[in-house]
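Student: Okay, here's what each chain looks like letter by letter:
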Amino acid sequence: MFLIFLISVSNKFARKSVKIDEALSGIEVALTKRYDTLTKMADVAKSYARHEMETLTMVISMRKGMSVQELTDSANRMNEMASGLNVVAEQYPLLRSNTVYEELQKGIRDTEEQLQAARRLYNANVSSFNQQLVTFPSSIVGRMKGYEKRSFFETEEVKMQDVKLDL
Amino acid sequence: MDNRDLITELQRLRNRSVYMMAGAVISLVLGFFLFIIGGIALGGGGVLLGIVLFGTGMVLLILQSKRKKELKSYMGETVVKPVLQEFMELESYEANEFMDPELFKDIGILPAHNRRYGSDLIRGRYGGHLLEMCDLELQQVTSNGKSTTVVTVFKGQLLSYELSKQIHGYVEITKHTIGKAGGFLKRLKNWGTSVSRGRDFEHVETENQMFNETFDVRAEDPQTAFLVLTPQFMERLLQINEVYTTNFCFTPECVYLAIKSNEDRFELKKDIQTEEDIMRLKENLREDIKATTSLLDVLRKNEYLF
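As they're listed, the protein sequences go chains S and U.
The first sequence runs contiguously to residue 167 in my numbering.
The second sequence runs contiguously to residue 473 in my numbering.
Fair warning: there could be bad hints in the mix.
Under 8 Å between C-beta atoms, here's a sample of chain U residues computed to sit facing chain S [stated by the list, open to error]:
#1 Glu372
#2 Glu387
#3 Gln390
#4 Leu394
#5 Tyr471
#6 Phe473
Read the hints as simulated data drawn from the structure, not as lab findings.
Backbone N, C-alpha and C fix where the C-beta goes; we use that ideal spot for every residue, glycine too.
Construct the entire structure; sequences and hints are all you get.
Tutor: Given below as structure tokens:
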């Protein structure tokens, strides 16, 4: 009986772990796409606002097999770069109306949706894995197999702030 | 045609249908009794009369069914069509047709069945997108050689609605029926679904616990399921579920909805005698259509899909 339980819970952990890894690679793909689009947008913007773009360019590293923390850092840097590009585009109406830039902006919205979905899928899988790891009796098997809590993928996209109302 | 003519014609067709039904029932009952008792009391003549009456009843029953269809077609042309045109760009309305049965094989939101009926096939555009819908009744008929059992497994509306964007693979959202999320029964069911449908479905658990407890989500690509199921959309689906049991199947080009309303829409439920009855009938039709379009409006609020 105990053996059946052990095998069943072990398999559950293994399945969830695989799901987490798959979801993480989904985040990686979405981030790489976003990175490519942002780079193209920056190239187009350079021809309109060379000076502003020199101060905006930042180092974002993207490679295969990055950890959750590294992916989070890259995502946060991309967020900063995206908002910087938005500020530049606000100052240069000609850049905003450039058809290539417009297309890239649409593309970035699409990649952001993909990233959001990948992030939610990853976090849902992590939450399910972590719940199993801390609840009895599966926690015993989890400890036996040496599993550890997995970290969530959290970017700084949404910051909780007090809302100031001018009445 | 003014309302007076409409009332007269509707009454005429309805009366014909009702009288034929009454005649059929009387003939069948009398025929049956004459066949059983007549043989004893009246001899061979009684049995023969019984057979003739029974046969007449059957013929009347077939004719009544035709008259019923005639009444439905007439009502469809004169009353339903104009009301539908208030809500959508109507391309066609066929009162006695329903959606292509071949379609049911490819969508996993309808229960297993071996007999189906349908009516009120509507084709048109709602909000600029192609819409096709019909009334549908599905039955599972089982027979053990001695008796036959007929169970209605679905009664309501089936509709397909075109999406603005192509999505990647199938996503099915059905009311939770068996096993707990991620449990053995659920995995077994998903395996059965994947094998029978020839698609590689995966059970998806969202971050919304209440949604997971209410709906089963199966997807060929879990990330697509999360693209479709935004947090706001999940909340809206939960609200809809309180009114109608609705199952959804998102395919690359369109979404299918199976609404288990347990009623036929666009039916003439009672006799039409006055202009007020006509107005009430039209108002009921509008309510029926609104019940469906409100669901489509919820879908259209999903920015990823539309």
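Student: State for each hint whether it applies.
Tutor: Hint check:
1. Glu372: Given a least distance of 6 Å, the restraint on U:Glu372 holds.
2. Glu387: Nearest chain S Cβ about 13 Å off; hint violated.
3. Gln390: For U:Gln390, the interface hint holds, since the closest Cβ of chain S sits about 5 Å away, which is under 8 Å.
4. Leu394: 4 Å, holds
5. Tyr471: 6 Å, holds
6. Phe473: 13 Å, violated
The structure fails to meet hints 2, 6 from the earlier list, while all remaining hints are met.
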